[in-house]
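*Asks:* Sequence:
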Amino acid sequence: MPSRKKTAMFASAFLTCVCSFVVICVVLATQHWVRSDVYFSGTNSTVTVRLTYGLFKGTCEQLVDAGLQVSEQDFQVAENLSSTKTRSTNTAIIIILVLSLLSSLLSSGFTCTNAVSNPYQTFLGPTGVYTWNSLSGIFVLIAMILFPVNIEAHDLSVELAHQCSSQQTLMGSAHFYGYSYWIMLLIIFLNIASIVIIWFYDHARYYKKKQQERPIENAPKDGILF
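Mapped onto mature numbering (1 follows the signal peptide of the UniProt record, and there is no 0), the consecutive letters of the sequence shown carry residue numbers -29 to -1, 1 to 197.
Read the hints as simulated data drawn from the structure, not as lab findings. Errors might be hidden in some of the hints.
List time: in silico SDA-like cross-link candidates among lysine to any residue, alpha-carbon distance up to 20 Å [said to hold, decoys possible]:
id	residue 1	residue 2
1	28	42
2	28	-2
3	28	49
Ranges between beta-carbon positions, derived for each pair [as the list claims (entries may be wrong)]:
id	residue 1	residue 2	range
4	44	-22	47 to 57 Å
5	-4	171	21 to 31 Å
6	171	17	24 to 34 Å
7	145	-22	40 to 50 Å
8	45	170	38 to 48 Å
9	73	98	16 to 26 Å
10	14	73	45 to 55 Å
11	47	154	15 to 25 Å
12	120	45	23 to 33 Å
Quick reminder that beta carbons are idealized off the backbone N, C-alpha and C, glycines included.
Construct the entire structure; sequences and hints are all you get.
*Replies:* Right, here's the structure in full:
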């Protein structure tokens, strides 16, 4: 059976891993990744197409100069993407976040196993926790980079706006990232917290082991021979 200290440390890391898993689920499920205002030149007025969407679905509003809402509709992101770049990047983000979700799940399993037992395999211990938490954080960071690239460089919002509106003369656009995007930072912080907790446990265990070996190293040679 593991010591109380080990149980407490790995149980704390298990909690942060589970929180990370839950937050990734929220990120995938919600559509408040970005709000984009795409401006078109209409007949004697400026038409604003306001999009609020995530990886899977979103809503589209058309507003005239006075802010009067003309229409509102829901849409599926994948169905409204005609460009190969935007479609492939959006798919890549989904796959990367699913991989991050699986990494968090594995990390939760490893920390739970260590909290209740002493696994014999080295990789099932702190090494495995370091690995899966690092991968989860890296995947999330990549997703946070790719999403703005898809909007700013590949004009994802403009492409979706053209599908929602018959206006063709583009004047410009503005983008405001929502909570579904920014809470991915929380996932990275939770992964770092898990690694730090286990590192403190691993470091304390290593220090204690060295302390136990020191009396033998400092003992007289004749005493050791005896």
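*Asks:* Each hint needs a verdict: does it hold in this structure or not?
*Replies:* Hint-by-hint comparison with the structure:
no.	hint	result
1	28 with 42	holds, 17 Å
2	28 with -2	holds, 11 Å
3	28 with 49	holds, 8 Å
4	44 with -22: 47 to 57 Å	holds, 52 Å
5	-4 with 171: 21 to 31 Å	holds, 28 Å
6	171 with 17: 24 to 34 Å	violated, 57 Å
7	145 with -22: 40 to 50 Å	holds, 48 Å
8	45 with 170: 38 to 48 Å	holds, 46 Å
9	73 with 98: 16 to 26 Å	holds, 18 Å
10	14 with 73: 45 to 55 Å	holds, 51 Å
11	47 with 154: 15 to 25 Å	holds, 23 Å
12	120 with 45: 23 to 33 Å	holds, 25 Å
Hint violations for this structure: number 6 only, all remaining hints satisfied.
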